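Full structure from sequences and hints, please.
Take 1 as the starting number for the sequence shown in full-length UniProt numbering and just add one per residue.
Mixed in with the good hints, there may be bad ones.
[Claimed, not checked] Simulated pairs of lysine to aspartate or glutamate, EDC-like, Cα-Cα distance not exceeding 20 Å:
| id | residue 1 | residue 2 |
| --- | --- | --- |
| 1 | Lys28 | Glu17 |
| 2 | Lys28 | Glu12 |
| 3 | Lys110 | Glu93 |
| 4 | Lys31 | Glu171 |
| 5 | Lys11 | Glu181 |
| 6 | Lys170 | Glu186 |
| 7 | Lys154 | Glu181 |
| 8 | Lys379 | Asp354 |
| 9 | Lys154 | Asp362 |
| 10 | Lys28 | Asp2 |
| 11 | Lys28 | Glu197 |
| 12 | Lys170 | Glu12 |
| 13 | Lys5 | Glu186 |
| 14 | Lys154 | Glu189 |
| 15 | Lys5 | Glu171 |
| 16 | Lys77 | Glu103 |
| 17 | Lys31 | Glu60 |
| 18 | Lys31 | Glu189 |
| 19 | Lys31 | Asp368 |
| 20 | Lys16 | Glu60 |
[To be verified] Restraint ranges, calculated between C-beta atoms of paired labels, are given here:
| id | residue 1 | residue 2 | range |
| --- | --- | --- | --- |
| 21 | Tyr359 | Ser55 | 20 to 30 Å |
| 22 | Leu317 | Glu197 | 37 to 47 Å |
| 23 | Ile364 | Asn131 | 16 to 26 Å |
| 24 | Leu107 | Glu185 | 30 to 40 Å |
| 25 | Leu37 | Ile364 | 18 to 28 Å |
| 26 | Glu185 | Glu12 | 19 to 29 Å |
| 27 | Arg92 | Lys154 | 52 to 62 Å |
Derived by calculation from the structure, the hints in this document are not laboratory data.
Remember, predicted model here, so these are calculated numbers, not experimental data.
Positions of the beta carbon are idealized from the N, C-alpha and C atoms, including for glycine.
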Amino acid sequence: MDVSKIRWSSKEYSLKEFVNKFQDSFPKIIKVTVGFLGRQESDSISSSTLLRVHSLYSQERAVVESKSGKLLSLPTKLTSMTFFIIGQSGAREGPFTLLEILEAFTLPVKIQPTNALTFRESSSPRSPGQNLHSLTFTQSYQESFLLGHCLNSKGTLLERVPLVLPMYMKEVRLILAEGLEGENEEQWEAICSAYNERIRELGHMDHFIFQGITLLENKELIAPQNLYADIEPIYMDLKKQGDAFSLYCSLDKPVSPPEIPAWPLTLKPEIPAKPQPLPKPTGPLQEPISPFQKPTSPLPKPTSPFQVPELSTYRSLAEVPQDLHSLSIREVCDCLLLLNLGSYTQAFLQEQIDGDLLYELDHIHMRDTLGMSSLHITKLLRFRQGWRPRVAPDAEV
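Listed below in structure tokens is the structure:
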């Protein structure tokens, strides 16, 4: 589809206005006219971004406070970690998930992770890790956000990673796609139907959402419960015994999203034969390999939204040579894992990108073919030029 032929609404909407007016008639195709620059790249959206918005989700989140006063926000349905309840006498009860604690106990309650946890800001890999020992589960709140997928300039639905638009992005303004120029309603309806069918074929859209672990800074807003959703958070990397948790979780139970390549649409779409339906999730998400787990299984290290291979050659960035031309495909994937870019390993494997080809990639290849974000493109380009992240040792809270 030539997106330049889309007819856009003359009225701009804020996220709240858009939701209030159109949530009963989703999905909708929108274009961002005023973007949002958050504290981290994962919490930002650029103007001119095209999106197919699928639905509005409301997520229950727990507020837990550390002894040092840090406020963490976690999804209550996150099953990859459990906690003990600490009584006044110091006796431990449990373990329980956050949802089980919320349903069975009166808040606030003192809790302790069953495994030692550390966290650091996702956008600051050099910041010291902070250990979490004694916590207080103070309350819960609801956070709403839009879930969708981006479209590129050719109308391709970029299926690899869903996009989340939290409602606290108050600065965002958008316009609504109303059809095609020339009032060709049949073509427009065919295109919209093709998008709808493709999302139904993906299957996993109904079963998982991205649930980040965040740090809340506005402590003065603790009391009014409904204001938590208005706070712009800082996304955190939470780790257990050196391994990162998966952040893709189910609304009901965790599932592992399948790997599906982007699928282009034309003005006269030819709908491919419908594949076999994706199997319904029957068990918990494997920990991790994802960022959107049998609890007793060892946790692998990468944090990406899809299944990625184990490290095969390089165990640290110090082992990676400055000149990457001689790297094999698997060794390039090792580098992605060590750079916390594991979500792209499937794309690199599929496109057979070795060290030589890595130097041929440009910004457009990385964005449109491999589905990489702007920050991650910059990170990989700098790495290709010889940059290596400096990581500080963990620090106690």
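Outcome of the hint check:
no. : hint                          : in the structure
1   : Lys28 <-> Glu17               : holds (14 Å)
2   : Lys28 <-> Glu12               : holds (14 Å)
3   : Lys110 <-> Glu93              : holds (11 Å)
4   : Lys31 <-> Glu171              : holds (14 Å)
5   : Lys11 <-> Glu181              : holds (17 Å)
6   : Lys170 <-> Glu186             : violated (35 Å)
7   : Lys154 <-> Glu181             : holds (16 Å)
8   : Lys379 <-> Asp354             : holds (17 Å)
9   : Lys154 <-> Asp362             : holds (18 Å)
10  : Lys28 <-> Asp2                : holds (17 Å)
11  : Lys28 <-> Glu197              : holds (14 Å)
12  : Lys170 <-> Glu12              : holds (13 Å)
13  : Lys5 <-> Glu186               : holds (14 Å)
14  : Lys154 <-> Glu189             : holds (17 Å)
15  : Lys5 <-> Glu171               : violated (27 Å)
16  : Lys77 <-> Glu103              : holds (12 Å)
17  : Lys31 <-> Glu60               : violated (28 Å)
18  : Lys31 <-> Glu189              : holds (18 Å)
19  : Lys31 <-> Asp368              : holds (17 Å)
20  : Lys16 <-> Glu60               : holds (19 Å)
21  : Tyr359 <-> Ser55: 20 to 30 Å  : violated (41 Å)
22  : Leu317 <-> Glu197: 37 to 47 Å : holds (43 Å)
23  : Ile364 <-> Asn131: 16 to 26 Å : violated (42 Å)
24  : Leu107 <-> Glu185: 30 to 40 Å : violated (53 Å)
25  : Leu37 <-> Ile364: 18 to 28 Å  : holds (23 Å)
26  : Glu185 <-> Glu12: 19 to 29 Å  : holds (24 Å)
27  : Arg92 <-> Lys154: 52 to 62 Å  : holds (57 Å)
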